[in-house]
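Participant: If you want the building blocks of each chain, they are given just below.
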Amino acid sequence: MQASTDSSLALDGEADEPAPAARTRRDFLRRGVAAGGLLAATAAVRAAPAANVMPSPAAAAPADAPLEIPAWTRAPGAATGAQLYGQPSAFEKKVVRHLRPNDKQYISSSTRSPLQELDGIITPNGLFYERHHGGVPAIDPAQHRLAVHGLVDAPLLFTMDDLRRFPSESHIYFLECSGNPGYSVYGKTAAEANGLVSCAEWTGVPLRTVLAEAGVQPKAKWVVAEGADAAAMTRSIPLEKCLDDALLVYSQNGERLRPEQGYPVRLLLPGFEGNMSIKWLRRLHVTDSPVYSREETSKYTDLMPDGTARRFTFYMEAKSIITAPSGGQRLAQHGFHEIRGIAWSGRGKIARVEVSVDDGATWHQAELQSPVLSRAITRFRFPWKWQGEPTVIQSRATDETGYVQPTLEALVAVRGVNGTYHNNAITPWRVAATGEVTNARIKAS
Amino acid sequence: MRASKHPEASRACRPAVLALAAALPLALAATAVAQTAPAHGRYDIGTPLTETRLAPWNIDVAPDGRNLPAGQGTVAAGRTLYAAQCAACHGAQGEGGQGDRLAGGAGTLASAKPVRTVGSYWPYATTLYDYIRRAMPLYAPQSLTSDQVYSATAYLLHLNGLLPEDATLDAQALRQIRMPNRDGFVDDPRPDVAVAGGPPAKP
Numbered sequence: 027m028q029a030s031t032d033s034s035l036a037l038d039g040e041a042d043e044p045a046p047a048a049r050t051r052r053d054f055l056r057r058g059v060a061a062g063g064l065l066a067a068t069a070a071v072r073a074a075p076a077a078n079v080m081p082s083p084a085a086a087a088p089a090d091a092p093l094e095i096p097a098w099t100r101a102p103g104a105a106t107g108a109q110l111y112g113q114p115s116a117f118e119k120k121v122v123r124h125l126r127p128n129d130k131q132y133i134s135s136s137t138r139s140p141l142q143e144l145d146g147i148i149t150p151n152g153l154f155y156e157r158h159h160g161g162v163p164a165i166d167p168a169q170h171r172l173a174v175h176g177l178v179d180a181p182l183l184f185t186m187d188d189l190r191r192f193p194s195e196s197h198i199y200f201l202e203c204s205g206n207p208g209y210s211v212y213g214k215t216a217a218e219a220n221g222l223v224s225c226a227e228w229t230g231v232p233l234r235t236v237l238a239e240a241g242v243q244p245k246a247k248w249v250v251a252e253g254a255d256a257a258a259m260t261r262s263i264p265l266e267k268c269l270d271d272a273l274l275v276y277s278q279n280g281e282r283l284r285p286e287q288g289y290p291v292r293l294l295l296p297g298f299e300g301n302m303s304i305k306w307l308r309r310l311h312v313t314d315s316p317v318y319s320r321e322e323t324s325k326y327t328d329l330m331p332d333g334t335a336r337r338f339t340f341y342m343e344a345k346s347i348i349t350a351p352s353g354g355q356r357l358a359q360h361g362f363h364e365i366r367g368i369a370w371s372g373r374g375k376i377a378r379v380e381v382s383v384d385d386g387a388t389w390h391q392a393e394l395q396s397p398v399l400s401r402a403i404t405r406f407r408f409p410w411k412w413q414g415e416p417t418v419i420q421s422r423a424t425d426e427t428g429y430v431q432p433t434l435e436a437l438v439a440v441r442g443v444n445g446t447y448h449n450n451a452i453t454p455w456r457v458a459a460t461g462e463v464t465n466a467r468i469k470a471s
Numbered sequence: 009m010r011a012s013k014h015p016e017a018s019r020a021c022r023p024a025v026l027a028l029a030a031a032l033p034l035a036l037a038a039t040a041v042a043q044t045a046p047a048h049g050r051y052d053i054g055t056p057l058t059e060t061r062l063a064p065w066n067i068d069v070a071p072d073g074r075n076l077p078a079g080q081g082t083v084a085a086g087r088t089l090y091a092a093q094c095a096a097c098h099g100a101q102g103e104g105g106q107g108d109r110l111a112g113g114a115g116t117l118a119s120a121k122p123v124r125t126v127g128s129y130w131p132y133a134t135t136l137y138d139y140i141r142r143a144m145p146l147y148a149p150q151s152l153t154s155d156q157v158y159s160a161t162a163y164l165l166h167l168n169g170l171l172p173e174d175a176t177l178d179a180q181a182l183r184q185i186r187m188p189n190r191d192g193f194v195d196d197p198r199p200d201v202a203v204a205g206g207p208p209a210k211p
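Going down the list, the sequences are from chains A and B. To convert, note that position 277 of the first sequence is 303 in the numbering used here; the numbers rise steadily by one, no gaps. To convert, note that position 70 of the second sequence is 78 in the numbering used here; the numbers rise steadily by one, no gaps.
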């Protein structure tokens, strides 16, 4: 076996070869017996919980027992069309958004995407994070209207049919709440720690196309966007952003927006804090100055230790998080584990992700899975051979501007802990000798 | 197409286009309209919107007070309104509860436990009017009259020591109020945290 200090380096040929779980277990037991007491004891510790979570016949059967032909092979399955809108397997019921149990109320609240359960870069629509300020309205698209007015040549009212007639575009962008997470709350799982981020393919019409239809006047500098929800959520957006990559979105991942994502139409501002991408969009007021709405003064401003507060903090800076293995999970065996995670930056493409498996002492470049898209989630992976040593694993992202994701300590040294928003710090996961993975910022009880 | 929704208006401004459209198949006609007769933009999509029609939705109020409605309210009326519609969530004296704390907190922003309220944190009083009108009370937003919103705004300013007990508030008075934390905000200085001294990653 390799020394633990080498555990992050390239794997030897044997472990590199993908092996079925059963074979790996057998190999391990054989080696454990040969190596004697210590390894055998470790194997016993790991074998018991594994049997609990995986009660398959194969696990308990002798090594050479013939494979069973299961019931689902011996009879036809559910009739075609039993679900005209498909649902996940009944065995995936735990893969749901995380709802905090003790919010003061659930009109203005949030749910978190189960990052630790997801693969790839696209968040399924039913698992996309939520942040609502006045509940989720049930809007009839036939009655919905979008008003464009203010410093324009021709104030216009659009139906949904109108908006869908404009030339359309589709782009993959992440969306992240600027309160993902606070500076002094540490989640137990990846969802709890950083689940207010998701990524989707958005389809709609560029905002600049719709603004040009109304004719933006030279004095215009901002666009005040407003929702049709009970919060009438309102944010001021620099005109420059509106004429750049802002989208009026009516579809997400190929289907119409879900109600909780702004059905029938929302704003999408790539790379900006999620709150600005107004859902259930009903009005665009073209102005010469910000409105200074409650959501850009009382909230979504970043209080600093000297008592000043930062305003119009739009960009979501580069961030990454390891999603596997991550908090609440357990490494069931020694040997090969692919460390997997996601990275994103509001300022462009991810240039590099580094992974440390020795509590930050050394860092190694992770492989980025293509496509690596601007202002989208990027997948990274890093091969790791865990030999049972207690350690801390973590990732840090660098974006194409050269910006490097900081530690929480580095952020707090500049911003204190009362800023509430824009914490893009590294999330460190502690791996115990038992294989249990926990948030390294949460003190062991 | 706007032409089908407002034939009168279209006829008035685009007779030549309609004559052309009548002579062509439908698809070609649409193309011709888009290319030859842009009313405002190149696609000729959308319906003209009058200020009268927009008025019920046109509710954002900037610090200069433009768009504040006529009407007025008093601290006294606000006290009654607050007790009936606000206190259950925000506390009898604005001390907070299920809803945000609204009063107090002066001088705490630079402390370890800052208390962010209307009086201690909000930079503009107009935002109070804007927000109450659009989003409060939580379970019945946009149900208050203009006078009621002025009264609720007046009472919250009074709770924070910014209006006297006998004050009346209207558009002109509201836009003249200077909030204590008016100059407490700075523009975004990020990137503000540089990661230095870390070993370069192995390629």
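Keep in mind that the hints were calculated from the coordinates and are not lab data. It is possible that some hints are incorrect.
Cut-off 16 Å, straight-line C-alpha distance, at most; resulting in silico cross-link-like pairs (EDC-like, lysine to aspartate or glutamate) [what the hints assert, rightly or not]: (1) A/K325 / B/D174; (2) B/K121 / A/D179; (3) A/K245 / A/D179; (4) A/K325 / B/D72; (5) A/K325 / B/D178; (6) A/K130 / B/D196.
Pairwise CB distance ranges (calculated) [as the list claims (entries may be wrong)]: (7) A/P416 / B/K121: 53 to 61 Å; (8) A/A168 / B/A118: 46 to 54 Å; (9) B/A202 / A/A387: 53 to 61 Å.
By construction, the Cβ of each residue, glycine as well, lies at the ideal position given by its N, Cα and C atoms.
Participant: CA of B/K121 to CA of A/D179, is that 16 Å or under?
Facilitator: 49 Å, violated
Participant: Against the 16 Å threshold, does the CA-CA distance of A/K130 and B/D196 hold or violate the hint?
Facilitator: 31 Å, violated
Participant: The hint says 53 to 61 Å between B/A202 and A/A387; measuring C-beta to C-beta, is that right?
Facilitator: Taking Cβ atoms as reference, B/A202 and A/A387 lie about 21 Å apart, which means the hint is violated.
Participant: Per the hint of 46 to 54 Å, is the separation of the Cβ atoms of A/A168 and B/A118 within bounds?
Facilitator: 52 Å, holds
Participant: CB of A/P416 to CB of B/K121, is that within 53 to 61 Å?
Facilitator: With Cβ atoms ~36 Å apart, the hint is violated.
Participant: Are A/K245 and A/D179 close enough, with their CA atoms no more than 16 Å apart?
Facilitator: 12 Å, holds
Participant: Are the Cα positions of A/K325 and B/D178 separated by 16 Å at most?
Facilitator: 26 Å, violated
Participant: Taken at face value, is the distance from the CA of B/D174 to the CA of A/K325 at most 16 Å?
Facilitator: 30 Å, violated
Participant: Is the straight-line distance between the alpha-carbon of A/K325 and that of B/D72 16 Å or less?
Facilitator: Status violated; Cα separation ~20 Å.
Going through the hint list in order, the structure does not satisfy hints 1, 2, 4, 5, 6, 7 and 9.
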